[in-house]
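So the sequences go chain by chain: A and B.
For the first sequence, the numbering used here assigns the number 1 to the initial residue and increments by one for each residue that follows.
For the second sequence, the numbering used here assigns the number 1 to the initial residue and increments by one for each residue that follows.
What the hints contain is simulated information worked out from the structure, not anything from laboratory work.
Predicted model only: the values in this text are computed from it and were never measured.
Here a beta-carbon is modelled for each residue, glycine too, at the ideal position from N, C-alpha and C.
It is possible that some hints are incorrect.
With a straight-line cut-off of 27 Å between C-alpha atoms, the simulated DSSO-like cross-links for lysine-lysine are [claimed, not checked]: (1) A:Lys372 to A:Lys320; (2) B:Lys99 to A:Lys212; (3) A:Lys198 to B:Lys121; (4) A:Lys108 to A:Lys140.
DEER-style ranges, computed between Cβ atoms [unchecked claim]: (5) A:His283 to B:Ser135: 24 to 32 Å; (6) B:Pro4 to A:His283: 50 to 58 Å; (7) A:Glu446 to B:Glu120: 35 to 43 Å; (8) B:Pro4 to A:Arg180: 55 to 63 Å; (9) A:Glu185 to B:Glu120: 29 to 37 Å; (10) A:Thr162 to B:Leu52: 49 to 57 Å; (11) B:Pro116 to A:Thr423: 29 to 37 Å; (12) A:Ile193 to B:Ser135: 26 to 34 Å.
Anything over 10 Å on all C-beta distances counts as not near chain A; from chain B, calculated [claimed, not checked]: (13) Pro4; (14) Asp30; (15) Gln42; (16) Leu65; (17) Pro112; (18) Ala129.
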Amino acid sequence: MTNQIPRVEDIETYAQDIVDTVREPLLMLDITLRVRSANRAFYETFQVTAQETENQLIYELGNGQWDIPALRTLLQDIIGTSSVFNDFELEHTFPVIGRRVMLLNARKLRPGSHAELLVLAMEDVTQRRRAEEEVAKATKASETANRTKSLFLANMSHELRTPLNAILGYSEMLREQSVRRNLQEFGDDIEKIHAAGKHLLALINDILDLSKIEAGKMELFLESFDVSGMIEEVASTIHPIVEKEGNTLHIERAADLGVMHADQIKVRQALYNLLSNAAKFTHQGNITLKAGRELMDGSEWIVFRITDTGIGLSSGQIVKLFQAFTQADASTTRKFGGTGLGLALTRRFCQIMGGDVTVQSVLDEGSIFTIKLPAIVRETNLDAATAAVTALAALTSAEDGNGDAKESSPSGNCVLVIDDDPTQRDLIHRFLVREGFRVRSASSGEEGLRLARQLRPIAITLDVMMPGMDGWSVLMALKDDMHLRDIPVIMLTMVDDPKRGFTLGAADYATKPVNHARLAQILRKYSCPAPPCPILLVEDDPAARGTMRRILEKEGWNVTEAENGRVALECIERERPRVILLDLMMPEMDGFEFAARMRRRPEWRLIPIVVVTAHDLSAEERHRLNGYVETIIQKAGDSHEALLTQVRDLLNDCAPPRALPLPETAELHLPLT
Amino acid sequence: MNHPPPPVPKILLVEDNEMNRDMLSRRLADRGYLVVLAMDGQSGVDMTKSLLPDLVLMDMSLPVLDGWEATRRLKADAVTQGIPVIALTAHAMSSDREKALEAGCDDYDTKPVEMPRLMEKIETLLRKAGKEVPSPTETAL
């Protein structure tokens, strides 16, 4: 018995038993896709019998209801080439059981004693998918609910504020009247109504701010401002509160306090909150505000230290200090007033700007609150510290470099900003001023050209999309004017969304046919330290490429050619050129997409691009280009900060002091093509 | 007694909220100003043209024509462009402030108004325009 060779029937029974044990429905098919057998799970799942299934072609099962083109293709692929497929998800209406989601796996069995067979395994994942859909739906619903909540809070606080303003206004009027008519006893009561109303208003404002922070909806309005000036404003507002308790306010400002880039309103509010706290908890004592610039972990911070000689805090109180609605002591609110939200808000304000508030205190002796904020707050404060370091390093070097020069040459050394949008203009303006440039701005192309002729700026930033004369027209006019054509121009554009801006960074522009002298003149600006230097020529016309190459080689450049933007990108990958000559209209990837992609690589974005294009861009072409810029913006919007940093770097790179003016008269006209 | 009474400055208040209109107009009247009222931007523009007030206080969110557009129209008209306009905005957002100044407003203030602050702005603009400013002693009851 034991050594007997197993009979074929036994093996098949054995195999069938195993197959029947599997909980997934299985179908065994031959290579004509006819069902040889199925397992128990198959019959149970699809509620069919063996008679209805065996020896049927798979696509004839259930009166053709199993005729699923996708499945048939997959199975035929297995027979032909692939021999296996995994996890194909199929949603289909099956006979009897209805619509189901099945996860399919199939494999061709190794040839052996049996004819060639396929095994198709089907896992019913309908419930799992439905559950996942439910989860997605629930997540979406909760997100919607959260948004609705935020909206509700915002509306609610507006609705609450309107009647409250009436209460405040009328009680104020009654108070004025009571003073005039000498009705002191009414005056006191009216004063209480007014004070309660003001407290309620403060609470509503604080709750709204807190809920905005919780919902991640608190937006930062970053601007550059003079720290010293802001302190003065806060000090004058806080003065009456400080004097009320007979306190004296001392202000100590470091000499290098300068300018910080942050949300001014929030910084001011944080300072105000801490100072009014200090004043509230100190009686006939001293309150000192010290402000300074400190270098910590390699980056610059603005530090405000508020010291008082007040009641101080126990260590137990300190722990609870920054939590919403918990003043150090429940009785404090009654005794000292305040919303109990001030410190929590102050801390969150500082945190969303990448800083923090800390406290040291000794009971009955006084407290020291310290606000630390990055000198340059970034919109994305994830890597706030590192970003601030680079920006500051560049800033200090720019100041060291041309600080004196800008004082001694009042008319020269200025950058002209041409942009029709006042907000963007102002943003770039302020940024460049902070970077140590003198800046003039123009709100239209026409005005820009006029100012350019009058001021001869060292560089121009030019908005692409402007009503009337657009950026391209301005660029052409600039490059047509022999007195202006050497001024580097940075093309940039921004859309309303403050997070989206884009620079094409065109450093120069030449029209075709390019003459030898003009090209040589342009290239002299990007002089090569050790010739021959690599230059990349991106141009689709082979004839034009040939002529340009000869000129360039004569000028001592090592030329690499690319017939479109895509090839050009590959070339830069291999060898970084010193300058790029770029045609705009090319097949496959045109000049604009190329420039856009290049500018996205930080290590490439300072390579000067000289745009070489047909003499005049028609209105239609300009329109196309504008549309193109818009699509680029939609694809990859740079953040404001990234954009501004890029503008600064381009400016520093392409606008060196114009110590050696180039001869403008020695022009020879040697047509290229 | 021999002097003719000084001319009373005329302020046009454009505000759609009834209570705000009532409060502000009475408080200005208390301080010796003649106050004329408009309830939407369009009538604000029309009344400025016909009455030529010494100053306009303009709410920004107004029906028919908003305060920004109304101001733009006043500043585009040779007859009215010299009349100072103070924008009143509900939110202390810096973008609102910039929008108001961009529209041509000479100054702005936020609501709820603080009378001393607003009065200072009104008086500064009137003086700059060479107009008489009522002195507080004359108006105190």
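For each hint, the structure was consulted:
Between Lys372 of chain A and Lys320 of chain A, the direct Cα distance comes to roughly 20 Å. Compliance with the 27 Å bound is thereby established for this hinted pair. This hinted pair checks out: Lys99 of chain B and Lys212 of chain A have alpha carbons roughly 24 Å apart, not beyond 27 Å. In summary, the hint linking Lys198 of chain A to Lys121 of chain B is supported, as the alpha carbons are separated by about 23 Å, within the 27 Å threshold. With a C-alpha separation of about 42 Å, the suggested pairing of Lys108 of chain A with Lys140 of chain A is violated against the 27 Å cut-off.
Between His283 of chain A and Ser135 of chain B the Cβ separation comes to about 39 Å, which falls outside the hinted range of 24 to 32 Å. Checking the proposed 50 to 58 Å range against Pro4 of chain B and His283 of chain A shows it holds: the Cβ atoms sit about 55 Å from each other. Glu446 of chain A and Glu120 of chain B have their C-beta atoms about 39 Å apart, which keeps the hinted 35 to 43 Å range intact. Checked against the given bound of 55 to 63 Å, the beta carbons of Pro4 of chain B and Arg180 of chain A, roughly 27 Å apart, lie outside it.
The supplied range of 29 to 37 Å is met by Glu185 of chain A and Glu120 of chain B, whose beta-carbon atoms lie about 31 Å from each other. For the pair Thr162 of chain A and Leu52 of chain B, the beta carbons lie near 32 Å from each other, so the given range of 49 to 57 Å is not met. Roughly 31 Å separates the CB atoms of Pro116 of chain B and Thr423 of chain A, a value that falls within the hinted 29 to 37 Å. Separated by about 30 Å at the C-beta atoms, Ile193 of chain A and Ser135 of chain B satisfy the suggested range of 26 to 34 Å.
Interface exclusion of Pro4 of chain B from chain A stands, the closest Cβ pair being 27 Å apart, more than 10 Å. Some Cβ of chain A comes within 10 Å of the Cβ of Asp30 of chain B; the nearest lies about 7 Å off, and the non-interface call is violated. Remark: the non-interface label on Gln42 of chain B is consistent with the geometry, its nearest Cβ contact in chain A lying 23 Å away (cut-off 10 Å). Once the 10 Å rule is applied to beta carbons, Leu65 of chain B is consistent with being away from chain A; the minimum gap is 21 Å.
Look at Pro112 of chain B: its CB is around 4 Å from the nearest CB on chain A, not clear of 10 Å, so calling it non-interface is violated. Interface exclusion of Ala129 of chain B from chain A stands, the closest Cβ pair being 25 Å apart, more than 10 Å.
Of the hints listed earlier, those the structure fails to meet are numbers 4, 5, 8, 10, 14 and 17, in rising order.
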